[in-house]
Amino acid sequence: MDWSNIWFAFGLTLFAGLSTGIGSAMAFFAKRTNTRFLSISLGFSAGVMIYVSFVEIFAKAKDSLSEALGHEEGTWLTVGAFFLGIVFIALIDRFIPKGENPHEMEMIENMNSAQRKENKDRRLMRMGAFTALAIGIHNFPEGLATFTAAMNDPNLGIAIAVAIAIHNIPEGIAVSVPVYYATGNKKKAFTLSFLSGLSEPIGAIIGYILLMQFMSPLVFGIVFAAVAGIMVFISIDELLPAAQEYGEHHLSIYGLIAGMGVMALSLLMFI
Numbered sequence: 009m010d011w012s013n014i015w016f017a018f019g020l021t022l023f024a025g026l027s028t029g030i031g032s033a034m035a036f037f038a039k040r041t042n043t044r045f046l047s048i049s050l051g052f053s054a055g056v057m058i059y060v061s062f063v064e065i066f067a068k069a070k071d072s073l074s075e076a077l078g079h080e081e082g083t084w085l086t087v088g089a090f091f092l093g094i095v096f097i098a099l100i101d102r103f104i105p106k107g108e109n110p111h112e113m114e115m116i117e118n119m120n121s122a123q124r125k126e127n128k129d130r131r132l133m134r135m136g137a138f139t140a141l142a143i144g145i146h147n148f149p150e151g152l153a154t155f156t157a158a159m160n161d162p163n164l165g166i167a168i169a170v171a172i173a174i175h176n177i178p179e180g181i182a183v184s185v186p187v188y189y190a191t192g193n194k195k196k197a198f199t200l201s202f203l204s205g206l207s208e209p210i211g212a213i214i215g216y217i218l219l220m221q222f223m224s225p226l227v228f229g230i231v232f233a234a235v236a237g238i239m240v241f242i243s244i245d246e247l248l249p250a251a252q253e254y255g256e257h258h259l260s261i262y263g264l265i266a267g268m269g270v271m272a273l274s275l276l277m278f279i
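In my numbering, the protein residues as written are 9 to 279.
It is possible that some hints are incorrect.
[What the hints assert, rightly or not] What follows is a set of in silico ranges between Cβ atoms, one per label pair, in the way DEER data are often shown:
1. I14 to D71: 44 to 52 Å
2. S224 to W15: 22 to 30 Å
3. H258 to H79: 37 to 45 Å
4. E75 to F96: 20 to 28 Å
5. W15 to E253: 44 to 52 Å
6. R130 to G78: 46 to 54 Å
Since the hints were derived computationally from the structure, they do not count as laboratory data.
Since we're looking at a predicted model, the values are computed, not measured.
By construction, the Cβ of each residue, glycine as well, lies at the ideal position given by its N, Cα and C atoms.
All chains, please: the whole structure from these sequences, using the hints.
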């Protein structure tokens, strides 16, 4: 057992995961009254999550399942797992009691201004928590993938770790900004976002200790496809509607396109 390789691989995974902290720090520079910034940031985060889900995560899942089952069966299972992820997160959203559900909008006539503000804040807080959960799930297998690649080929591990780190910066924004706007607490916003990145090194540790003997292209592909579905649902159902609610429609779309562009460039840099 080469401990130097193990520590090197783990260090790369830790670097990639904790880069969410850079995005988390955006909460410290945001003015709470700047709804234009919030609208653009939420749109940007949606663009990041949608693009990375369809272009990277879904594609990796399809490749993995095609390797395990063949092209036709692998493609069918990828699509099925993708929509299974959507159904999973939609059911969670559906069974949240109406008073706690950030997507069940109250009639304006039934609320005073204090109630509207409280409901908006609750919606943003839960949005940040849901996004943190999705990113945590997404980062877990990414951590295992980075660790495994670094163990087999250090140069490949470095390239993957840097690419994932670039991805994780705007993901940190996706969590920290809504939480900060909901609570006004910079420390809480930073902490929740930062913790979502810890799932990456945790994925490496658990994967190395427990899952390596069970992990297969089939399991990896199903998990990745489902996570892509979860992230797309959250982007469409939560991030984009909130982005448009807190700012102008065009600002949210500009943010969406910018987020896609950043992800596209980061992927092209490491072809």
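Right, here's what the structure says about each hint:
For I14 and D71, the Cβ-Cβ distance of about 26 Å falls outside the hinted range of 44 to 52 Å, so the restraint is violated. Range check, S224 to W15: about 26 Å between beta-carbon atoms, so the 22 to 30 Å window is met. Separated by about 41 Å at the C-beta atoms, H258 and H79 satisfy the suggested range of 37 to 45 Å. Look at E75 against F96: about 24 Å separates their beta carbons, and that is inside 20 to 28 Å.
Taking 44 to 52 Å as the suggested C-beta distance range, the pair W15 and E253 conforms, at roughly 46 Å. Against the hinted window of 46 to 54 Å, the Cβ-Cβ separation of R130 and G78 comes to about 47 Å, which satisfies the hint.
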